[in-house]
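Enquirer: Listed here are the chains, written in short residue letters.
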Amino acid sequence: MRIEPREQPSLALTVLAPVLAVGVALALCSLLIWLSGTSPARALGLLLKGSLGSTFALTETLTRATPLIFTGLAAAVAFRAKLWNIGAEGQLYAGAAMATWLGTGMLDLPAWLMVPTLFLAGALAGGLLLLGPTLLKTRLAVDEVVTTLLLNFVVLLAVNWLVFGPWKDPMAMGWPQAAPVVDAAVLAPMVAKTRLHWGFVVALACAVGAWAVIRFSTWGLEIRAVGHSERASRFAGIPVGRAVLRTALLSGGLAGMAGVSELAGLKGYLTLDLSPGFGYSGIVVAMLAALHPLGVVAAALFVAVISIGADSMSRSLEISNYIADVATALSLLAVLVSMLAPRWRIRWR
Amino acid sequence: MGVLELLLETGFWVATVRMATPLLFGTLGELICERAGVLNLGIEGIMAAGCMGGWCWVYLGGSLWGAVLFAAAVGAALGLVHALFTVHLGLSQHVTGLGITMLASALSSFAFRMLLPKATTPPKIVPFAAMDIPGLSSIPLLGPVLFGQTPLTLLALAALGVTAWVLYRTPAGLALRMAGENPMAVESQGLSVHAIRTVAVMAGSALMAVGGAFLTLAAFDAYYIGMVNGRGWICIALVVFASWRPGKALLGALLFAAFDAVQMRVQQQSGLAIPYQVYLMMPYVFSIVALVVMSRRAAYPAALLVPFRKGER
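Keeping their order, the protein sequence lines are chains A and B. Following the working numbering, the numbering of the first sequence begins with 1 at its first residue and continues without gaps. Following the working numbering, the numbering of the second sequence begins with 1 at its first residue and continues without gaps.
Since the hints were made in silico from the structure, they are not lab data. Small disclaimer: the values here were computed from a predicted structure and weren't measured. Do not rely on the hints blindly, as some may be mistaken.
[Said to hold, decoys possible] Simulated restraints on C-beta separations: (1) A/Pro166 - B/Lys118: 35 to 41 Å; (2) B/Gly143 - A/Lys168: 42 to 48 Å; (3) A/Leu221 - B/Leu174: 42 to 48 Å; (4) B/Val278 - A/Ser217: 40 to 46 Å.
All C-beta atoms in this analysis are idealised placements derived from N, C-alpha and C, irrespective of residue type, glycine included.
Isolated chain A, as found in the complex:
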């Protein structure tokens, strides 16, 4: 038996490999659950019941998937162009802060105009935030991984200052939060008596839009070309710098929209726990989806099932809900390895 490279990646393996990888990750988590003295089958059953077992559970899962679709798309389009945007967390808060600034009395618009305005403004805030590190990358060759990461801390501290200082809502009984957005800015619930809001549909539309852009537009071709080989793209006459900057605006914009959607659809007001790391989970989502915008939707749903299910499971069993983070991290690593599989074949002799 020997292992040799394939000329053409096998299609069956390309589809099967990530599924297999997620299986391996879940098996490793089951081992952890078993080590802590609980039956993995029971834990998994409770996890699925808690995330998919009822209308309420299902809407909670879709609600959780909404910001993950946005941040997953943000990572996917940027990574396609080899722009390592690790700053989606900060861009999310920048979008939310922009929506708070405009949506708490600054603008007086009817709902049909208000909501799109907030999404656009939030996207602009997120996009501009990523533009800085991207310009540093294209002009001065400063590594964007570290700059985008460090900016997350800066933005979070800025929001910290806003909600403890000038934007602090006097009606909030001393809690550090900004005033709620006006009624016209609130995203209506999609299903009565649940938290699922129309932001989910906006996220789906963005996924289709991002797919269409990458698949069919010249811009998308540029993104893919730059990601494939920057030198070859330059040689082919593609304005590499401009293509990367546009990608940055798109990526940061999508992350900013995650902030608007969470703010206007779920919380209603700006706080410091608006995102429990959606920006970082978005990277996992994008990798699970092999950077495919439509795959992002499926991957976001998977991560949402794990995290909502783990929350519910940890309430009934004595297992910390951090098992969800362990599962997503293991899935990421397993999928990374699995992506190698389609390019190799085993020859039996």
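Since the structure of chain A is already known, use the hints to place chain B on it.
Expert: Okay, now just chain B, sitting in the frame of chain A:
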């Protein structure tokens, strides 16, 4: 209080050196990895794992020095995973590193919660005490600043010396630096690039984990989820700031720690004209500025981020 008064104050320098210690461990660890050609974005998680591992060892009845060793072993194990993925399988160093960070942080939090399901306040351990070396500690200024620290600070300085010596004065160090600059040349000498990089990443990750362990074993006396709080990322910026040189890493770590110490003093003064969050931002803003300034003449190891495959060029 004027800046000059602050600089003359012993307490300020003691605090600076204390806060520089985990940064020095982390920066040295990252520097070793990058010199061998591997970016290790797992640092934030590896520090968290060292933090939790060290605390756990003492909490379960182990000794303090045992905890340091255990943390180093945990770090080396995570480094091995990173090396298997990036060196042997040639996967993206960026994404693998982030995956390691996520996994290590999540496992640390998970283990902590499973160990103490019902605790509301984190239980305290007895951390390293400040040393009191007769004679040395009583030297004015230098005594308390250098020898009034916990032994881990001296260990960090020793690690700095050993790293610099190995890198520049031994054949092993030459091979390591060559693996980061010109892997083909290493191979032509009959050495294995893969082996060198694996060992470098494991050793570097062990140092990072000890830096994390410093937080629970010497700086604080309990473990909190999220207590590394971005220190790992700052170390990555510090490596660029240091132009991949150990001596400059010490300078960078001290500079940043001094900044932190100033920030804490200023925060305590009442009647602030500038909100305290601005001071908290400073280390991050400063890191970005340092990256921009240094990147102009940055001499990145030429083979950094480039996977090496035998027989390919």
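Enquirer: Starting from the hint 40 to 46 Å, judge whether the C-beta atoms of B/Val278 and A/Ser217 obey it.
Expert: 42 Å, holds
Enquirer: For the hint 35 to 41 Å, verify it against the beta carbon of A/Pro166 and that of B/Lys118.
Expert: 40 Å, holds
Enquirer: Using the C-beta atoms of B/Gly143 and A/Lys168, is the stated range 42 to 48 Å upheld?
Expert: 47 Å, holds
Enquirer: Taking 42 to 48 Å as the stated bounds, is the beta-carbon spacing between A/Leu221 and B/Leu174 within them?
Expert: At 45 Å between Cβs, range holds.
Violated hints are absent here; each numbered hint is respected by the structure.
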